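Peer 1: The lines below spell out each chain.
2 protein chains.
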Amino acid sequence: MSEFKVTDRTKVKRGNQRATYDTDTVYKIIDEALVCHVGAKMADRPMVQPTIIWRIDDKVYIHGSSKNGLFAALVKGEEACITVTHLDGLVMARSSFHHSVNYRSVMIFSKATEITDESEKLYVLNEMMKQITPDRFDGVREPNQQELKATSVLQFDLTEVSAKVRTGPPVDDDEDLALPVWAGVIPVTTVMGNPIDDPLWLSNHGKK
Amino acid sequence: MSEFKVTDRTKVKRGNQRATYDTDTVYKIIDEALVCHVGAKMADRPMVQPTIIWRIDDKVYIHGSSKNGLFAALVKGEEACITVTHLDGLVMARSSFHHSVNYRSVMIFSKATEITDESEKLYVLNEMMKQITPDRFDGVREPNQQELKATSVLQFDLTEVSAKVRTGPPVDDDEDLALPVWAGVIPVTTVMGNPIDDPLWLSNHGKK
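Listed in order, the protein sequences are those of chains A and B.
Residue numbers 1 to 208, in the numbering used here, belong to the letters of the first sequence in order.
Residue numbers 209 to 416, in the numbering used here, belong to the letters of the second sequence in order.
Be aware that one or more of the hints could be misleading.
Said to hold, decoys possible - Under the rule of at most 20 Å between Cα atoms (straight-line distance), these lysine to aspartate or glutamate pairs were calculated in the EDC-like manner:
1) A:LYS41 x B:GLU286
2) B:LYS338 x B:GLU326
3) A:LYS41 x B:GLU322
4) B:LYS267 x B:ASP252
5) B:LYS249 x B:GLU326
6) A:LYS111 x B:ASP252
7) A:LYS41 x B:ASP216
8) A:LYS11 x B:ASP384
Said to hold, decoys possible - Sample of chain B residues at the chain A side, in silico, Cβ under 10 Å:
9) ALA227
10) GLY285
11) PRO342
Please keep in mind that the hints were generated in silico from the structure rather than gathered at the bench.
These numbers come from a predicted model, not from an experiment.
We treat Cβ as the ideally placed atom computed from N, Cα and C, and that holds for glycine.
Looking at chain A on its own, in the form it has when it is part of the complex (with noise of 0.2 Å):
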């Protein structure tokens, strides 16, 4: 078991009994995840963006089009935030102050290095690929040149890294636990439902 050295930035302040900076507990909320929200100054204006995030190894990636606003920030040097957020559970309580949910969360806090070389970019894109829809990778096009000119890589250490998880029933005072008023948890999950063929797929392929 690794863990991630503390600093003074990742240090978690409030809830600190649910922080943990465990390698492979930050990995799998990582992993687990499609989408990030990514936070930096954007013309000295906050700026909160939600899109995908993958790993490789120590390091996150996010993509987007060239000409975003946010990506150029981080490409001049501006710090990301970038929070990853899975919601478990509605945990109910007896008294309105004890609500609170299960959750798993994971903050980072990096410089962005952009991917410029060609193959790299090629070879990261096609990771992020292969981690979401694994079994069609060999069927799908590459991106071409121009294609891979219009999207930006960013890369992102994962060293300034905390991580904070919810998990069980609520904790409620002594004096409620009588209360005559349901009290537990309501599990929240993310589920794919059945695939939606592409009308144009059938039109080209044929009937199911």
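Start from chain A and add chain B according to the hints.
Peer 2: What follows is chain B alone, placed relative to chain A:
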């Protein structure tokens, strides 16, 4: 149908064919969300925290520990960027480049107003409870004075607001349409599971 005024700040620059400023669309995206991501400068560095969001009329609210550092920065006047994101589907195209996601997102730029009046704070917190757990509201113990004091409630105007929405199948280049790879959308939904009783509820209220 009413619309939010488009400002320099809220004018969607990339993918603007997906942008909307329609009030009802924005409200619906916020109302369906439990969690938002709040970003702001904290000691001149970016910070993005996940937290519950709820709406009353044309304002949105977040709450947290009165000792939360990000909240303190917001109370001091730092502008927030609050982003709400629903991931609705994975859009699987024939080319790597045209893969996408279906989503609905809202981005709010606003400075916080701290709710300090005790009765207003109680009203706003009760509204959150009623929205999340309406059937249990009457049985839940309201926050007492000490709990109210430990809770910070921040209000944000919905004036600088934009939404982005992507729906539908992939949009591939014509020359890729005949590629023998499946294309379509894999729907992603958030599902509430069967409630899990608090073990202490069971011991106080007998078997199920």
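Peer 1: Could you run down the list of hints and mark each one as holding or not?
Peer 2: These are the hints, each one checked on the structure:
Proximity of A:LYS41 to B:GLU286 is assessed by CA-CA distance (about 12 Å); at most 20 Å being required, the pair is judged to hold. The straight-line distance between the Cα atoms of B:LYS338 and B:GLU326 is roughly 18 Å, inside the 20 Å bound, and the hint therefore holds. Between the alpha carbons of A:LYS41 and B:GLU322 the distance comes to roughly 23 Å, so the proposed pair goes past 20 Å and is violated. Only pairs whose Cα atoms come within 20 Å are accepted, and B:LYS267 paired with B:ASP252 is rejected, the gap being roughly 27 Å.
For the hint pairing B:LYS249 with B:GLU326, the CA-to-CA distance comes to about 28 Å; that exceeds 20 Å, so the pair is violated. Taking the CA atoms of A:LYS111 and B:ASP252, the gap is near 14 Å; set against the 20 Å cutoff, the hint holds. Between A:LYS41 and B:ASP216, the direct Cα distance comes to roughly 16 Å. Compliance with the 20 Å bound is thereby established for this hinted pair. Only pairs whose Cα atoms come within 20 Å are accepted, and A:LYS11 paired with B:ASP384 is rejected, the gap being roughly 49 Å.
Hint status for B:ALA227: violated, given a least beta-carbon distance of 14 Å to chain A, over 10 Å. Interface hint at B:GLY285: violated, since its Cβ lies 12 Å from the closest Cβ of chain A, which is beyond the 10 Å cut-off. Interface hint status for B:PRO342: violated, as the beta-carbon distance to the closest one in chain A is roughly 12 Å, over 10 Å.
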